[in-house]
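Respectively, the protein sequence lines represent chains A and C.
Note that our numbering has the first sequence beginning at 1, numbered continuously upward.
Note that our numbering has the second sequence beginning at 230, numbered continuously upward.
Worth flagging that the hints you see were computed from the coordinates, not collected in a lab.
As the structure is a computational prediction, the values presented were derived from the model and not from experiment.
In this text, a Cβ means the ideal position worked out from N, Cα and C, and glycines have one as well.
You may find that some hints are simply not true.
[To be verified] Per label pair, the in silico range of CB-to-CB distance:
1. Leu548(C) with Arg134(A): 36 to 46 Å
2. Glu85(A) with Lys516(C): 37 to 47 Å
3. Pro50(A) with Pro247(C): 31 to 41 Å
4. Pro50(A) with Leu591(C): 51 to 61 Å
5. Leu21(A) with Leu246(C): 14 to 24 Å
6. Arg107(A) with Glu689(C): 55 to 65 Å
7. His672(C) with Glu108(A): 22 to 32 Å
8. His485(C) with Glu22(A): 54 to 64 Å
9. Glu35(A) with Glu376(C): 51 to 61 Å
Given next are the chains, with one letter for each unit.
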Amino acid sequence: MAALAPRQLFLNLRPRDDATLENFLSLPGNSAALEALGSGGEDQVYLHGPADGGKSHLLQALCHAAGPGALYLPGSAVAAYPAEEVLSGAEGLALVCIDELDLLAGREDWEQALFHFYNRARESACRLCVAAARPPGTLPLELPDLRSRLAAGLVFALPAPDDAARRAILSFRAGRRGLRLAPELAGYILARAPRGLADLLAVLERLDQASLAARRPLTQPFVREVMSW
Amino acid sequence: MPEAVWTQCRNQLQDELPAQQFNTWIRPLEAREDARCLRLLAPNRFIRDFVADKFAPRIAELLRDVGIQQDVVLEIMEARQSVSLAAVAGAVAAPAREAPLPASRPAPTLASVNTPTFGHAQQSEVHEALQHQHNLVANYTFRNFVEGKSNQLALAAANQVAENPGDAYNPLFLYGGVGLGKTHLMHAVGNALKESNPEARIVYLHSERFVADMVKALQLNAITDFKRYYRSVDALLIDDIQFFAKKDRSQEEFFHTFNALLEGGQQMILTCDRYPKEIDGLEERLKSRFGWGLTVAVEPPDLETRVAILMKKASQSQLELPPDAAFFIAQRIRSNVRELEGALKRVIASANFTRRAIDVDLVKESLKDLLALQDKQVSLDNIQRTVAEYYKIKVADLMSRRRSRSVARPRQVAMALAKELTNHSLPEIGDSFGGRDHTTVLHACRKIKELRETSSDIHEDYKNLLRSLTT
Numbered sequence: 001m002a003a004l005a006p007r008q009l010f011l012n013l014r015p016r017d018d019a020t021l022e023n024f025l026s027l028p029g030n031s032a033a034l035e036a037l038g039s040g041g042e043d044q045v046y047l048h049g050p051a052d053g054g055k056s057h058l059l060q061a062l063c064h065a066a067g068p069g070a071l072y073l074p075g076s077a078v079a080a081y082p083a084e085e086v087l088s089g090a091e092g093l094a095l096v097c098i099d100e101l102d103l104l105a106g107r108e109d110w111e112q113a114l115f116h117f118y119n120r121a122r123e124s125a126c127r128l129c130v131a132a133a134r135p136p137g138t139l140p141l142e143l144p145d146l147r148s149r150l151a152a153g154l155v156f157a158l159p160a161p162d163d164a165a166r167r168a169i170l171s172f173r174a175g176r177r178g179l180r181l182a183p184e185l186a187g188y189i190l191a192r193a194p195r196g197l198a199d200l201l202a203v204l205e206r207l208d209q210a211s212l213a214a215r216r217p218l219t220q221p222f223v224r225e226v227m228s229w
Numbered sequence: 230m231p232e233a234v235w236t237q238c239r240n241q242l243q244d245e246l247p248a249q250q251f252n253t254w255i256r257p258l259e260a261r262e263d264a265r266c267l268r269l270l271a272p273n274r275f276i277r278d279f280v281a282d283k284f285a286p287r288i289a290e291l292l293r294d295v296g297i298q299q300d301v302v303l304e305i306m307e308a309r310q311s312v313s314l315a316a317v318a319g320a321v322a323a324p325a326r327e328a329p330l331p332a333s334r335p336a337p338t339l340a341s342v343n344t345p346t347f348g349h350a351q352q353s354e355v356h357e358a359l360q361h362q363h364n365l366v367a368n369y370t371f372r373n374f375v376e377g378k379s380n381q382l383a384l385a386a387a388n389q390v391a392e393n394p395g396d397a398y399n400p401l402f403l404y405g406g407v408g409l410g411k412t413h414l415m416h417a418v419g420n421a422l423k424e425s426n427p428e429a430r431i432v433y434l435h436s437e438r439f440v441a442d443m444v445k446a447l448q449l450n451a452i453t454d455f456k457r458y459y460r461s462v463d464a465l466l467i468d469d470i471q472f473f474a475k476k477d478r479s480q481e482e483f484f485h486t487f488n489a490l491l492e493g494g495q496q497m498i499l500t501c502d503r504y505p506k507e508i509d510g511l512e513e514r515l516k517s518r519f520g521w522g523l524t525v526a527v528e529p530p531d532l533e534t535r536v537a538i539l540m541k542k543a544s545q546s547q548l549e550l551p552p553d554a555a556f557f558i559a560q561r562i563r564s565n566v567r568e569l570e571g572a573l574k575r576v577i578a579s580a581n582f583t584r585r586a587i588d589v590d591l592v593k594e595s596l597k598d599l600l601a602l603q604d605k606q607v608s609l610d611n612i613q614r615t616v617a618e619y620y621k622i623k624v625a626d627l628m629s630r631r632r633s634r635s636v637a638r639p640r641q642v643a644m645a646l647a648k649e650l651t652n653h654s655l656p657e658i659g660d661s662f663g664g665r666d667h668t669t670v671l672h673a674c675r676k677i678k679e680l681r682e683t684s685s686d687i688h689e690d691y692k693n694l695l696r697s698l699t700t
């Protein structure tokens, strides 16, 4: 198989820059949510906020920490399938995370299935963590029974990162990869990289790989060369 | 070393797939190996089928590359030990269908689960599952229930039933909006019955479970067990009966169960989000039977009750909640008890996190998103003004007793908008329209919902008003 080139085998040995709790930077806007999720004390948590606030990262990280058997269901991946089937039997698991709830709200089949799933999950002590752009109160739901249940747990708003937070996240994630990012270089990258956090971190991934492949440290000329900035 | 091999294969998939796909489909798979094959366990059938359908060839390829010669089998993980009948019955029935894998895949194949064996084993397992559930929540007791004007009648009725089960109030039918304590009261009766007679067979379930059990029983040819089980209980508590709507076979089965229980003097308690007569898609004979016992409404709690509920919750968690902080929360969260409890949880989480004592400032801080949201919400005044202006009538007309179409229709539109756009309860909305009853508001909401589908004028009006009120 040609895809398994030696270079990729080598890359597989690096620590993964994964959606884990360790890879999530605690900031003033999200630390309360992070602690509540990490401690596992509350068995129903609802996260809301704009893109880049860390909702998906946190839900995926919880599943990662819970090990096999935890289920991560993003609305975009499951909306096209029969709701009852997707959720069937899932209450027997220790943890179910439902991401992008916005994409399921307003759909009668999904709202009913989620409502019934909620009831089953409560009876069998399955932890349920949900994320959406909007809080339970303004999510365009048709079923009030579902809305009140979503609002019954711990609800946290996760703000989008501002420039200072984006800088902190970039340095933090670089550090997690074992890269040292000088403050001026971080500023240089931030000024030129796309604003979205996922794109910013993709730049970091690209720089990391280039630096490893070329065996050169990250410097401004090297970054400029790799990114053609 | 199946785990190590699988980890290697999984890492490769992680590099190949977008993070979201990897986390949804591949991460939850667990590897097990025995002499004959490598097993990949999926958390439920949906994941198993999806993986079999979309990723099987690639997984097979990767495993072959690392030298796995055995067959690879995709299976459903056995559920964690669970009290839920549906889960138990689901696990029993799980191997029933083959994963949709074409037989023509190149070796090593990802075969499906072991062939199902149907018959007595499953039936007796269903039977066992049926025997074991009562599902009563231990802390839903009368002691933990906060009495207020809004639930006095329902509480008194529930107490009566707990003292004299199967007597005059059979069935006890509790109805009202979401999160107002219907389920709590129902469990309280169950727990009280259990306390006075530990041998009593009390069964609580959600209507969906009844439907699911019946379907499962039909599939497994165990409908006799199903009937026998539900007719042998001392008290049957069914929640959210409105979900029986349009499920004809379940209604039929429930109708017979109902009659058998009533005849045997076994108590039934049913809850619903509306008055029995108003459940669309429910057989008339059931509607009328629901009214044979006692039908009581549970209303949204008033301010004092909301404060009392918060204080009770706080003392249960051994928490110092100053009365002014409780008052502040209760004043702002008006919709229902469930949301009230959610708000309190949020405050407690903040207090624990910041290691501060709870006071009004901490409440404001921890609920600031929730409160900001409410502030943005439209006021009743604003709705009335906008609607009156739109229809070129006076706000006073909306409040008046006049019933001519030119006034009554705009009034109904305004009421429906108030229900949709504000957190106010039906009685509060009724009050603000010249002291009308909450049933009038309910009727208005339904009428407008219906008209929006049948009359393009109303549809257009409503859409325009909604837009001007929310932007």
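Hint by hint, here is what the structure shows:
Remark: the range hint 36 to 46 Å for leucine 548(C) to arginine 134(A) is contradicted by a beta-carbon distance near 29 Å. Distance hint for glutamate 85(A) and lysine 516(C): a CB-CB separation of about 32 Å, inconsistent with the stated range 37 to 47 Å. A C-beta distance of roughly 21 Å is found between proline 50(A) and proline 247(C), which places it outside the suggested range of 31 to 41 Å. Checked against the hint of 51 to 61 Å, the pair proline 50(A) and leucine 591(C) fails, with Cβ atoms roughly 25 Å apart.
Against the hinted window of 14 to 24 Å, the Cβ-Cβ separation of leucine 21(A) and leucine 246(C) comes to about 21 Å, which satisfies the hint. Taken as a hint, the range 55 to 65 Å is violated for the pair arginine 107(A) and glutamate 689(C), whose Cβ atoms sit roughly 25 Å apart. Checked against the given bound of 22 to 32 Å, the beta carbons of histidine 672(C) and glutamate 108(A), roughly 23 Å apart, stay inside it. Taking 54 to 64 Å as the suggested C-beta distance range, the pair histidine 485(C) and glutamate 22(A) conforms, at roughly 57 Å.
Our hint of 51 to 61 Å for glutamate 35(A) and glutamate 376(C) is violated, since their Cβ atoms are close to 36 Å apart.
Of the numbered hints stated above, those contradicted by the structure are hints 1, 2, 3, 4, 6 and 9, listed in ascending order.
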